[in-house]
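Protein chains in written order, with this note's numbering: chain A, 1 to 500; chain B, 1 to 342.
No wet-lab data here; the hints were simulated from the structure.
In silico lysine-lysine, DSBU-like type, Cα no more than 35 Å apart, as pairs:
(1) Lys270(A) - Lys453(A)
(2) Lys478(A) - Lys440(A)
(3) Lys453(A) - Lys329(A)
(4) Lys270(A) - Lys230(B)
(5) Lys478(A) - Lys453(A)
(6) Lys313(A) - Lys453(A)
(7) Lys376(A) - Lys230(B)
(8) Lys230(B) - Lys453(A)
(9) Lys376(A) - Lys453(A)
(10) Lys313(A) - Lys230(B)
(11) Lys329(A) - Lys230(B)
Chain by chain, the residues run as shown.
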Amino acid sequence: MSQGRSPILELNQITKAFGGVEALRGVDFALYAGEIHGLVGENGAGKSTLMKIIAGVHPEFSGRFMLDGKETRFRSTRDAHAAGIAMVHQELSVAPDLTVAENVFLGNQPTNRLGLVQWRRMARDAGEQLGRFGIDVDPMSRLGDLPIGLQQLIEIARVLFSGARIVILDEPTSALSPPEVERLFATLRRLRDEGTGIVFISHFIEDILRVSDTVTVFRNGRKVAETAAAETTKGALIEAMIGRGGDALEHSYTDDLQLAPSNGGRVVLKVDQLSLGRSLRDVSFEARSGEVLGIYGFMGCGQQELSRILFGKLRPDGGTIVVDGRARKLRSTAAARRAGVALVPESRRDMLFHQEPVYKNISISVLERISALLLKPARERAIAMRQVEQLQIRPPVVGLDLGMLSGGNQQKVALAKWLTYPPRLLVLCEPTRGMDVGAKNDVINIVRDLRAKGLAIIVLSTEPETVLSLADRILVLKRGAVVREFANEAVSKDRLLEAA
Amino acid sequence: MASSDSATAPAPRLRGFGAFLRSQMRNIAPFLTLIVLSAFFAIASPSFATLDNVGNILTQVSVTGIIAVGLTFVILCAEIDLSVASIANVTGIAVAYFTLQESYVNIANVPMPGWAAILLALALCALLGLVNALGLTVIGIPSFIMTLAMMQIAAGISALLVRGQIAYKVPPLISTLGSGAIGGVPWIVIVAAVMLLGGHLVLTYTRFGRYIYMVGGNREAAEFSGLNVKLILGSVMVISAVCSGIGGMLGVAHFGSAQQNEFDTYLLDSIAAVVVGGTSLFGGRGGIGNTIVGLFVLGVLNNGLDHVNIDSFLKILIRGLILLAALIINVYAQRLRERTTD
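All chains should be modelled from the sequences, with the hints used to inform the complete structure.
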């Protein structure tokens, strides 16, 4: 449909490296007016990097950047903005303390001749714009008081109605409910028909297929396919994203993996009808002793909230949690620890003390057991040393400040901290993220050891490989609900992605 | 091979003497300041470096020292208590209020036995600390604002108790500890030393002390470690109020009177002692040892400026400048430390 016209935006042979790591390698990309262009690819495939180049976030790159047939270089996001390019980033970037109207007109408030803000006009215009988008809110209410999904819609609305000719949406639907997604799509189609060029990035391949005219697939920093959306299928796109034959060094999990039948272990955790706002809806499952339960889903699917609820950091709106046969309220992290739950969050920074020595980081969870009042530093060091040896933490010096260790070793310390206080249930969020192959294997072996010792383990990850490499049983979480369980059957990366 | 590796590897950096100095800057800088100030005043004034004057300095910093013990706990948790001086004042007034005053003192006081007066005064300061604790942990009011309100509340209770009058009598025990001496050593110095030592032992050798450093070092991590962060924060607020109350009772005996606004300068002095000593305002670093050095820096400065002939109005400005310098070092030391370990 776009043949015969010249693109409004054309990129040739774009290459971009971050500190020696190439995020994009020789990518060509073209966007036409009146087109919705879908982008798909795994985490780190280069989609977001390319879009940030277009939006002027990354001014340094090599390759040719043509806007309306003229070679252009943006030095900043301001330049991109002036050229009519607007982007909705993956992370919500709104000002929660300002009103809805101020957010809609952020940096662009209507003023009178004296330079004073025209509040009444701003409120009226904001109300009209949001109304066109099907959002009915008081423009003078504080944005932070609205639900997250609505905040995201308002941010999208701001960008869509900013008059930009090129609009980039990076994962805009992750926090939206199905009717909100419908409204967004209707608006995108209308803007397209009015001649706007739209780039739409999403993990939800059904969404991409429904709304896009053209789809481009990225893998490992390269563009591997470009096709009309009407001429492809979800299966074909997933295959292009993952790639057959595997250029990765590791196990690529493209082939079927047979999950073992249940070991019949004792039920350690039973979660029933757990719900939390828009993040979790009626989530029910069990975790058994001697079993690793994998929970897979895209960013924003509710994994993080689920892990925080299990560790007493968030209180659910409804539902019950039974640990070892006893119903638990889990009012605080201290209560969760006493109930036998341990959590290793995705960010090591959040759970370790970087300015304290390794042994204090490890012993903190057992302090209550080994010392009633006075500390026993020699005992603490001995306990820590045993863990350091078992987990092969390098360097094996328990007096060293934690901040001096490498990321992989810090992650091992995070595990060691809970192994000195053997919990009944260990919840691991993204246990191997950002680790090299060797460290990953170490962590995988540690988790298998713990399983053999009879712990119930839950691994939550947005990376299919992580879940596939560790789990005996897999739940797929999608927009806050469990949509599929894989148990005692064959599973592969394709099937996981298909289910999510 | 080895040399090219060590140049490029992002592995743990080797810590040379320079790195050690940088990481210890918060401990070294206050100590150097103390030595330089002492040397300066010793040379500038013959009456400064005498045994008598050392005794004076010790006595002068005692009340501040007692208050600073609790405040050290609070600041180590990365919180602040602005109500310490007001709570000291109201506790001192309360202990006098419950003691029989001379007939010329025009206060409707409620005389009680000495032990009862002391217990009631202690209960009052503990209660005010508990209100601080609940405001901070249960309601979630930032400590800066919560204790600002408490500063007014405590001052208000003081005003209602004395109604602009001055009380003189306190229970005999308080009177002895505040203004008596044993073997030439003032009791108030001994009390301050014992409390400082006690605070140091708690912070260094007990589980509670470890938890305070952990909560101050990384509150998020403390919570993810399953510590009861709110209980720890609440406890330090109560400890701070009780230390202030003891300082207030002994202070009243030391000064010989109990009246409104008597302790106003002690808020700045006690915060200054903790921070000048090098305890991090961001929490998790420092301790009673730092507070002691800070106390002496302030004590030497206040006392020394009286020994050299200096405009007494200029003293205030000089103290302000010294505090600013200490704050700059405090923030700077934190940055250096983060750069070496992170």
